[in-house]
Amino acid sequence: MSMERTPTSPTPYSAHLGIEIVETGDGTALLRLPLLEHICNRRGVVHGGALASLLDSALGAAVISSIDHEEWCGTLQLSVQYNDPARRGPLVGVGRVVRRGRHVAFAEGEVTDGEGQIVARAHGTWVIWPGHPDGEATSS
Numbered sequence: 057m058s059m060e061r062t063p064t065s066p067t068p069y070s071a072h073l074g075i076e077i078v079e080t081g082d083g084t085a086l087l088r089l090p091l092l093e094h095i096c097n098r099r100g101v102v103h104g105g106a107l108a109s110l111l112d113s114a115l116g117a118a119v120i121s122s123i124d125h126e127e128w129c130g131t132l133q134l135s136v137q138y139n140d141p142a143r144r145g146p147l148v149g150v151g152r153v154v155r156r157g158r159h160v161a162f163a164e165g166e167v168t169d170g171e172g173q174i175v176a177r178a179h180g181t182w183v184i185w186p187g188h189p190d191g192e193a194t195s196s
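Going by this note's numbering, the sequence shown opens with residue 57, and the numbers climb by one from there.
Think of the hints as simulated: they come from the structure by calculation, not from any bench. Built from N, CA and C at the ideal position, the CB exists for glycine as well. Hints may be right or wrong, so weigh each one.
Estimated spans, in silico, between C-beta atoms of each pair [as the list claims (entries may be wrong)]:
hint, residue 1, residue 2, range
1, Val101, Val160, 32 to 40 Å
2, Ser65, Gly187, 34 to 42 Å
3, Asn97, Arg156, 34 to 42 Å
4, Gly81, His159, 17 to 25 Å
5, Tyr69, His159, 19 to 27 Å
6, Arg98, Thr64, 31 to 39 Å
7, Gly157, Val101, 31 to 39 Å
8, Tyr69, Asp140, 20 to 28 Å
9, Ser135, Trp185, 17 to 25 Å
10, Pro90, Asp124, 29 to 37 Å
11, Leu132, Gly170, 28 to 36 Å
12, Pro186, Asn139, 35 to 43 Å
13, Asn97, Glu171, 18 to 26 Å
14, Val183, Ser65, 16 to 24 Å
Let the sequences and hints guide you as you build the complete structure.
See the structure below:
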């Protein structure tokens with residue numbers, strides 16, 4: 057039986073944005089992003105790039121939770137649909153693996169604002185390698 061690899065901390069880039077990993081496992085992930093000044097425009101609306109990063113992180117964390125410790129993955133494609141301006145926080149990003157093959161995974165998810173309104177949705181494709189893409193050993 058394979059062991060799941062569950063991300064417990066965000067990447068340095070995601071941490072810079074303020075993204076926090078709340079829960080991951082079994083092909084799902086729940087992340088949180090406080091409404092911080094450095095991710096908002098002058099009118100207090102969250103930058104679309106920050107929403108896309110939250111979605112990429114949430115969907116990616118869901119995929120990571122579905123692969124073996126020896127495997128590695130990376131985003132191949134991410135499509136984001138912005139529904140409403142994100143003005144109320146904290147933002148919550150949810151990701152789900154909808155289909156997983158040997159070398160490819162498909163995921164979808166959404167971001168809700170502090171009132172539970174869906175402000176953005178995404179779907180994407182992840183490549184799965186049998187080891188680290190640079191040939192380095194993976195660590196647990």
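Checked hints:
1. Val101 to Val160: 32 to 40 Å: 34 Å, holds
2. Ser65 to Gly187: 34 to 42 Å: 22 Å Cβ-Cβ, so the 34 to 42 Å window is violated.
3. Asn97 to Arg156: 34 to 42 Å: 37 Å, holds
4. Gly81 to His159: 17 to 25 Å: 22 Å, holds
5. Tyr69 to His159: 19 to 27 Å: The hint (19 to 27 Å, Cβ to Cβ) holds, given that Tyr69 and His159 are roughly 25 Å apart.
6. Arg98 to Thr64: 31 to 39 Å: 35 Å, holds
7. Gly157 to Val101: 31 to 39 Å: 38 Å, holds
8. Tyr69 to Asp140: 20 to 28 Å: Given about 25 Å between the Cβ atoms, the range holds.
9. Ser135 to Trp185: 17 to 25 Å: The hint (17 to 25 Å, Cβ to Cβ) holds, given that Ser135 and Trp185 are roughly 22 Å apart.
10. Pro90 to Asp124: 29 to 37 Å: For Asp124 against Pro90, whose Cβ atoms are near 33 Å apart, the range 29 to 37 Å holds.
11. Leu132 to Gly170: 28 to 36 Å: 32 Å, holds
12. Pro186 to Asn139: 35 to 43 Å: 37 Å, holds
13. Asn97 to Glu171: 18 to 26 Å: 20 Å, holds
14. Val183 to Ser65: 16 to 24 Å: 23 Å, holds
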